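All chains, full assembly: derive it from the sequences and hints.
Counted from 1, the sequence shown has number 250 at position 250 by my numbering; the numbering is strictly sequential.
You may find that some hints are simply not true.
[To be verified] Each computed DSSO-like pair below joins lysine-lysine, with the alpha-carbon atoms no more than 27 Å apart:
{"id": "1", "residue 1": "187", "residue 2": "260"}
{"id": "2", "residue 1": "83", "residue 2": "67"}
{"id": "3", "residue 1": "257", "residue 2": "234"}
{"id": "4", "residue 1": "234", "residue 2": "217"}
{"id": "5", "residue 1": "217", "residue 2": "260"}
Just so you know, these hints were derived from the structure itself, not from any lab. Only a predicted model underlies this, so the values are computations on that prediction, with no experimental measurement involved.
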Amino acid sequence: MADTVLYDVTDGLATITLNRPDAMNALNIEAKVLLRDTLQEAAADPAVRAVLLTATGRAFCVGQDLKEHIGLLAEDRASGTGKTMNTVREHYNPIVTALTEMPKPVVAGVNGVAAGAGAGFAMAADYRVVADSASFNTSFAGVALTADSGVSWTLPRLIGQGRAADLLLFPRNVSAQEAYDLGIANKVVPAAELAEEAAAVARRLAQGPTAAYAAIKESLAYGAGHSLGETLGKEDELQGRAGASEDHTIAVEAFVKKEKPVFLGR
Numbered sequence: 001m002a003d004t005v006l007y008d009v010t011d012g013l014a015t016i017t018l019n020r021p022d023a024m025n026a027l028n029i030e031a032k033v034l035l036r037d038t039l040q041e042a043a044a045d046p047a048v049r050a051v052l053l054t055a056t057g058r059a060f061c062v063g064q065d066l067k068e069h070i071g072l073l074a075e076d077r078a079s080g081t082g083k084t085m086n087t088v089r090e091h092y093n094p095i096v097t098a099l100t101e102m103p104k105p106v107v108a109g110v111n112g113v114a115a116g117a118g119a120g121f122a123m124a125a126d127y128r129v130v131a132d133s134a135s136f137n138t139s140f141a142g143v144a145l146t147a148d149s150g151v152s153w154t155l156p157r158l159i160g161q162g163r164a165a166d167l168l169l170f171p172r173n174v175s176a177q178e179a180y181d182l183g184i185a186n187k188v189v190p191a192a193e194l195a196e197e198a199a200a201v202a203r204r205l206a207q208g209p210t211a212a213y214a215a216i217k218e219s220l221a222y223g224a225g226h227s228l229g230e231t232l233g234k235e236d237e238l239q240g241r242a243g244a245s246e247d248h249t250i251a252v253e254a255f256v257k258k259e260k261p262v263f264l265g266r
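This is the structure in structure tokens:
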């Protein structure tokens, strides 16, 4: 299992790499279990201040491994059970929860096609650096399925309800440039520069005020589902927490001294 998902922590940055290039990083059970567990490990590790999720080969992730999936469906029919689709509850939901609720920023370095759950994982990240040769495809309806991996929550928030419905009802390849124009991609770079650029963005975040980033993530998620009044109350709560952080004191003192702050991540 160690080769299916690679994990490295260096200078506060956890790099998680999907590593099934010959299968276009399709998600078999092994990969889903290890990705889930690795993300949860990164979320809980106080030494990790930012996460970079990327992949090897020519694809970011094409979603469910359909070769494995069809065999599992046959087993379900033979046994009269429906255990195969438990993967949403057991794997996809915890993966997306780890990405969105992690109290530290997550960058997706999208090196190639991101389809189905692969697109969902990229959209669940806080920032997407995308190779100019990459593309996105919801793909669910193409195999007679509905959205999972958080796409019904993340995609409308990125591009609006109407455009999200269009991409879900009529799946197609969305180029990197169109993804940028729609608001899915935050930054598009030449494919040869993807690894370097995505790592640079993630390292910058790893050196930043981690507690403030956690509060920003929480406030954005809260504001998406609450009224203005409720959101103002949440901002008051979170700003109080951020104002009590060591990083805030460091930043203010550095500003007065006209120095560059060196954040501790707490």
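Here is how each hint holds up against the structure:
no.	hint	result
1	187 with 260	26 Å, holds
2	83 with 67	16 Å, holds
3	257 with 234	32 Å, violated
4	234 with 217	12 Å, holds
5	217 with 260	24 Å, holds
Hint 3 alone, counting from the list given before, is not met by this structure.
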